[in-house]
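Given the coordinates of chain A, assemble chain B onto it according to the supplied hints.
Protein chains in written order, with our numbering: chain A, 341 to 458; chain B, 48 to 154.
A couple of the hints might just be wrong.
Derived lysine-lysine pairs resembling DSS-like cross-links, with alpha carbons at most 30 Å apart [said to hold, decoys possible]:
#  : chain 1 : residue 1 : chain 2 : residue 2
1  : A       : Lys397    : B       : Lys50
2  : B       : Lys99     : B       : Lys146
3  : B       : Lys116    : B       : Lys50
4  : B       : Lys141    : B       : Lys99
5  : B       : Lys50     : B       : Lys146
6  : B       : Lys50     : B       : Lys99
7  : A       : Lys397    : B       : Lys99
8  : B       : Lys141    : B       : Lys50
9  : A       : Lys397    : B       : Lys141
10 : A       : Lys397    : A       : Lys353
11 : A       : Lys397    : B       : Lys146
12 : B       : Lys146    : A       : Lys353
13 : A       : Lys397    : B       : Lys116
14 : B       : Lys146    : B       : Lys116
15 : B       : Lys116    : B       : Lys141
16 : B       : Lys99     : B       : Lys116
By construction, these hints were calculated from the structure, which means they are not laboratory data.
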Amino acid sequence: KAGVTQTPRYLIKTRGQQVTLSCSPISGHRSVSWYQQTPGQGLQFLFEYFSETQRNKGNFPGRFSGRQFSNSRSEMNVSTLELGDSALYLCASSLAPTTSGQPQGEQYFGPGTRLTVT
Amino acid sequence: DAKTTQPPSMDCAEGRAANLPCNHSTISGNEYVYWYRQIHSQGPQYIIHGLKNNETNEMASLIITEDRKSSTLILPHATLRDTAVYYCIVKDDKIIFGKGTRLHILP
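This is chain A alone, in the form it adopts within the complex:
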């Protein structure tokens, strides 16, 4: 079974631009979560989608948004990029939402998209 795929793997953008990242979950997984990883802050939860609905979100500004399509694929968008948005963006898929109670914490991560903002 194919794993989680993320595209693109690497991206360089300029401050003020916007960017869209894509994630395809494992076949049959309907929940997709997004995380940002930086050396200073570590792995931080951005949001989770299930059945095209946002289930939970972390403490990020409104410039960070996402959506999920009927085939469970998900995209996240960052508008008005700042230098501090440079990070590894990770997508994880699971059968059920991790925010739907216990246990529901088994997720499978993609390789990530490394975004550099200059």
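What follows is chain B alone, placed relative to chain A:
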């Protein structure tokens, strides 16, 4: 914030068992303990989870104390490929990663 405390780093000789501790003294009765690891430049990898009983799978064993305030992840025969950052997570409504333990396997 993460509900767990882990040592920042540990060393283990190749072929020996690696025992990674985790403290979670504020864990609630229905919260599960999860372990993930992240090998350099890759996404995190799920290892194992448990509630109160000890658990074992093909990757590792998880030992949870009777009071559930701490746990230990055991890699029975560590290899160089086990070099990674190991995250212990107590899951409430979402998964919060702490700083983890950087495990170095020594040849």
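Verification of the supplied hints:
At most 30 Å may separate the alpha-carbon atoms for a hinted pair to count; lysine 397(A) and lysine 50(B) meet this at roughly 18 Å. Using a Cα cut-off of 30 Å, the hinted pair lysine 99(B) and lysine 146(B) holds, with the two alpha carbons roughly 24 Å apart. For a cut-off of 30 Å, the pair hint linking lysine 116(B) to lysine 50(B) stands: about 11 Å separates their Cα positions. In summary, the hint linking lysine 141(B) to lysine 99(B) is supported, as the alpha carbons are separated by about 19 Å, within the 30 Å threshold.
A threshold of 30 Å between alpha carbons decides the hint, and for lysine 50(B) with lysine 146(B) the separation of about 11 Å falls inside it, so the pair holds. Note on lysine 50(B) and lysine 99(B): the hinted pairing holds, with a Cα-Cα distance of about 17 Å set against a maximum of 30 Å. Between the alpha carbons of lysine 397(A) and lysine 99(B) the distance comes to roughly 29 Å, so the proposed pair stays at or under 30 Å and holds. For the proposed pair lysine 141(B) and lysine 50(B), the alpha carbon gap of about 12 Å is at most 30 Å, so the pair holds.
Taking the CA atoms of lysine 397(A) and lysine 141(B), the gap is about 9 Å. The hint holds against a cut of 30 Å. The suggested pairing of lysine 397(A) with lysine 353(A) holds, with an alpha-carbon distance near 25 Å, which does not exceed 30 Å. Under the criterion of a C-alpha separation no larger than 30 Å, the hint pairing lysine 397(A) with lysine 146(B) is consistent with the structure, at around 20 Å. For a cut-off of 30 Å, the pair hint linking lysine 146(B) to lysine 353(A) stands: about 28 Å separates their Cα positions.
For the hint pairing lysine 397(A) with lysine 116(B), the CA-to-CA distance comes to about 28 Å; that is within 30 Å, so the pair holds. Distance hint between lysine 146(B) and lysine 116(B) is fulfilled; the C-alpha atoms sit about 18 Å from each other, no more than 30 Å. For the suggested pair lysine 116(B) and lysine 141(B), the alpha carbons sit about 19 Å apart, so the restraint of at most 30 Å is met. Of the supplied pair hints, the one linking lysine 99(B) and lysine 116(B) holds, its CA atoms being roughly 10 Å apart against a limit of 30 Å.
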